[in-house]
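From first to last, the protein sequence lines are chains R and D.
Following this note's numbering, the numbering of the first sequence begins with 10 at its first residue and continues without gaps.
Following this note's numbering, the numbering of the second sequence begins with 10 at its first residue and continues without gaps.
In short, the hints are calculated from the structure, not lab data.
Since this is a predicted model, take the numbers as computed values, not measurements.
Don't take every hint at face value.
Remember, identical chains collapse to one label, so a pair may be satisfied in a single copy or spanning two.
Result set (SDA-like, lysine to any residue): computed pairs, CA atoms no more than 25 Å apart in a straight line [claimed, not checked]:
| id | residue 1 | residue 2 |
| --- | --- | --- |
| 1 | Lys-115 | Asp-148 |
| 2 | Lys-115 | Phe-333 |
| 3 | Lys-115 | Ala-41 |
| 4 | Lys-115 | Arg-72 |
| 5 | Lys-115 | His-158 |
2 protein chains.
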Amino acid sequence: MKPSISIRDVAVRAEVSVGTVSNVLNRPGVVATATRERVLAAIDALGYVRNEPARQLRSGTARTIGLVVLDVGNPFFTDVARGVEEAASEAGHAVILCNSGESVGKERGHVELLASQRVHGVLITPVQSAQVSLRWLRDRGISVVLLDHPTAEADLCSVAVDDRRGGELALTHLLAEGCERIVMVTGPPGLHQAAERHRGARDAIRLAGRAPDVLEVLPAPALNVACGLRAGEQLLARAVLPDAVFCANDLLALGLLQATVRAGVRVPEDLAIVGYDDIDFAAAAAVPLTSVRQPRHEIGRTAASLVIAESQSPAEHEHRHVVFTPELVVRESSRRPRRVRTGRP
Amino acid sequence: MKPSISIRDVAVRAEVSVGTVSNVLNRPGVVATATRERVLAAIDALGYVRNEPARQLRSGTARTIGLVVLDVGNPFFTDVARGVEEAASEAGHAVILCNSGESVGKERGHVELLASQRVHGVLITPVQSAQVSLRWLRDRGISVVLLDHPTAEADLCSVAVDDRRGGELALTHLLAEGCERIVMVTGPPGLHQAAERHRGARDAIRLAGRAPDVLEVLPAPALNVACGLRAGEQLLARAVLPDAVFCANDLLALGLLQATVRAGVRVPEDLAIVGYDDIDFAAAAAVPLTSVRQPRHEIGRTAASLVIAESQSPAEHEHRHVVFTPELVVRESSRRPRRVRTGRP
DNA sequence: AGTCCGTGAGTAAGCGCTTTCTCGCCGGGT
DNA sequence: ACCCGGCGAGAAAGCGCTTACTCACGGACT
Numbered sequence: 010m011k012p013s014i015s016i017r018d019v020a021v022r023a024e025v026s027v028g029t030v031s032n033v034l035n036r037p038g039v040v041a042t043a044t045r046e047r048v049l050a051a052i053d054a055l056g057y058v059r060n061e062p063a064r065q066l067r068s069g070t071a072r073t074i075g076l077v078v079l080d081v082g083n084p085f086f087t088d089v090a091r092g093v094e095e096a097a098s099e100a101g102h103a104v105i106l107c108n109s110g111e112s113v114g115k116e117r118g119h120v121e122l123l124a125s126q127r128v129h130g131v132l133i134t135p136v137q138s139a140q141v142s143l144r145w146l147r148d149r150g151i152s153v154v155l156l157d158h159p160t161a162e163a164d165l166c167s168v169a170v171d172d173r174r175g176g177e178l179a180l181t182h183l184l185a186e187g188c189e190r191i192v193m194v195t196g197p198p199g200l201h202q203a204a205e206r207h208r209g210a211r212d213a214i215r216l217a218g219r220a221p222d223v224l225e226v227l228p229a230p231a232l233n234v235a236c237g238l239r240a241g242e243q244l245l246a247r248a249v250l251p252d253a254v255f256c257a258n259d260l261l262a263l264g265l266l267q268a269t270v271r272a273g274v275r276v277p278e279d280l281a282i283v284g285y286d287d288i289d290f291a292a293a294a295a296v297p298l299t300s301v302r303q304p305r306h307e308i309g310r311t312a313a314s315l316v317i318a319e320s321q322s323p324a325e326h327e328h329r330h331v332v333f334t335p336e337l338v339v340r341e342s343s344r345r346p347r348r349v350r351t352g353r354p
Numbered sequence: 010m011k012p013s014i015s016i017r018d019v020a021v022r023a024e025v026s027v028g029t030v031s032n033v034l035n036r037p038g039v040v041a042t043a044t045r046e047r048v049l050a051a052i053d054a055l056g057y058v059r060n061e062p063a064r065q066l067r068s069g070t071a072r073t074i075g076l077v078v079l080d081v082g083n084p085f086f087t088d089v090a091r092g093v094e095e096a097a098s099e100a101g102h103a104v105i106l107c108n109s110g111e112s113v114g115k116e117r118g119h120v121e122l123l124a125s126q127r128v129h130g131v132l133i134t135p136v137q138s139a140q141v142s143l144r145w146l147r148d149r150g151i152s153v154v155l156l157d158h159p160t161a162e163a164d165l166c167s168v169a170v171d172d173r174r175g176g177e178l179a180l181t182h183l184l185a186e187g188c189e190r191i192v193m194v195t196g197p198p199g200l201h202q203a204a205e206r207h208r209g210a211r212d213a214i215r216l217a218g219r220a221p222d223v224l225e226v227l228p229a230p231a232l233n234v235a236c237g238l239r240a241g242e243q244l245l246a247r248a249v250l251p252d253a254v255f256c257a258n259d260l261l262a263l264g265l266l267q268a269t270v271r272a273g274v275r276v277p278e279d280l281a282i283v284g285y286d287d288i289d290f291a292a293a294a295a296v297p298l299t300s301v302r303q304p305r306h307e308i309g310r311t312a313a314s315l316v317i318a319e320s321q322s323p324a325e326h327e328h329r330h331v332v333f334t335p336e337l338v339v340r341e342s343s344r345r346p347r348r349v350r351t352g353r354p
């Protein structure tokens, strides 16, 4: 086993120069058919695989993109990642996956790692609105696409979902179901998505002409199942339960659902629950969960396409801000019993 | 914005040679303190970031590892990936994520991509027992760690869980609960994990002294929720339901649970269900799911450590085959009612 | 027959970095 | 006062590849 076959070995075997081999690989049209086939045969016989880092060094263009997400354990990001991976691998690009775990320090470390790998673009869901990392990347000539985080910044693209609208959808629904004392479980302060969903929720209350105190906020330290469980326990410890909870994402909602059902609370009769993201598991929960659906896969694909397009023609690239519209999926967890019910006896 | 600051720019600013800058970065001990600090100051002032591909070209050692999984949408792999990412980033390595989607063709493409990126190691859960890709990688000097797939191959490491034992645990439990007509929903043929779990299930039946026809097999085309739903519908279409189902993973089990509960089947009274993987959502399901737990995070960390260790000292590296032992987590979905029950009236 | 130009291959200069070798310089031993 | 050894910095050679640029060769003109 020779450690690595280089373009030079191929050139020797095909009895051409290295330049010609390179041309066969990159601009096949410029090489005469007979020569080209001889080279291809040699590549095949030797099992040659191009050395991408070397190519990148010389040409300056990488075929690698970075993806920094808040939590790979969250199916929302998983589905986004799948979309990214799909679009990237179709374009022959590799995806370097980084998990910031909602930590600014880890995010910073990953961004530096990606910069040192000289990726040509980074798709990132920033922890907080840490514009500092983004600026730093752009200063080094790395294009950035903001994922699931809208921005008006003129020198980068973004792909997001209208979180404010999503929050509004959720609350409008709960109010229509007759809920009167609603708690919103939000994420850590500074988490943009959760804050926007909260704003949307308040919008809905205003539009419905209700008093703002219909909605109370309960912050959770992170958007995962464990924090949802804890939030549930906090609610259960109260003298009176609210009649509805809107969670900033489905993981919180599933945890909360589990805690409350276990304690004998009836969902939705005693407590309506609405989540956010509509992950696959929402439908399979103890009580099928009402949720706000986002086009996760589409978000990933779009973001990857944008960054690849930008890298291929940096000059005429126009930075775009794509905003998808969320959709409410009503399931059992929020269908309140009506005063008069029809149905089987 | 200068496209990229090189080691040369740093050298000029610190008034030393490029060799010295390189020494500061790689063997700081060899440089006099005063010089070193001058260089570090220059690096800081210019915001220099090492060009990893260039370093790799010269030194021949990459700081990148590849991870090829069957399905990023499956929380099992997600948790493994998190372990990998964690261990890798602690060691300053980047992880290139690839999703084979259980397709041999996509796997092949990803393996070639990783080879062209000259990663120093690949962690892979092979589709089928596609040893061909592995041999191909080893021929190119790339170390391979088999993930969730045991092997006796002497020239590579593997990290796996004893799937046969896991299957045995599941079936022993179901038999102890008094189940008599058990269906196992397996994966596509050739999927090693599912086949081993099935073998273990048969072991349990033999050990319990039961007739082999207690267990029937229902293959599913893939290990996801959708296929679980379909399997559930297939069972519901039968004249008589089995009294227990053992699913090759939790996604199948959650799908099946959803389909059966929706159809009014009582779980576990009419039908006991056992899954595999014990993903976080298993506990939060409509009926909390009994499952076989695997140390997912540990698997990922271990695999990444092995490949990084091998790359750092290829000579004295001993290939290891790590096998974890699974553990049964009993929840409500498989607790059969006893003839005599105690409880509230 | 001489000139021109298009085609197709070779030549060579690096991309940014590591690493070996060389060499200047200073302190200590004789 | 001289020599030698060791420390520390510089010079330089590539790693595998891309990409001008160069140049030889014919065929088609004038």
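Worksheet entry | Intra/inter-copy verdict for Lys-115 and Asp-148 if alpha-carbon distance must be at most 25 Å | within (20 Å within a copy, 35 Å between copies)
Item to complete: Give the relationship of Lys-115 and His-158 under a CA distance limit of 25 Å: within one copy only, between copies only, both, or neither.
Response: Within one copy only: 19 Å inside, 31 Å across.
Worksheet item: For Lys-115 vs Arg-72, is the C-alpha pair at or below 25 Å within one copy, between two copies, both, or neither?
Response: both (24 Å within a copy, 18 Å between copies)
Discussion item. Cα distance capped at 25 Å. Does Lys-115 pair with Ala-41 within a copy, between copies, both, or neither?
Written reply: The answer is neither: 51 Å in one copy and 32 Å across copies each exceed 25 Å.
Discussion item. Within a copy, between copies, both or neither: which one fits Lys-115 and Phe-333 at a CA-CA cutoff of 25 Å?
Written reply: Answer is neither; intra-copy 28 Å and inter-copy 29 Å both fail.
Comparing the model with each numbered hint stated earlier shows that hints 2, 3 do not hold.
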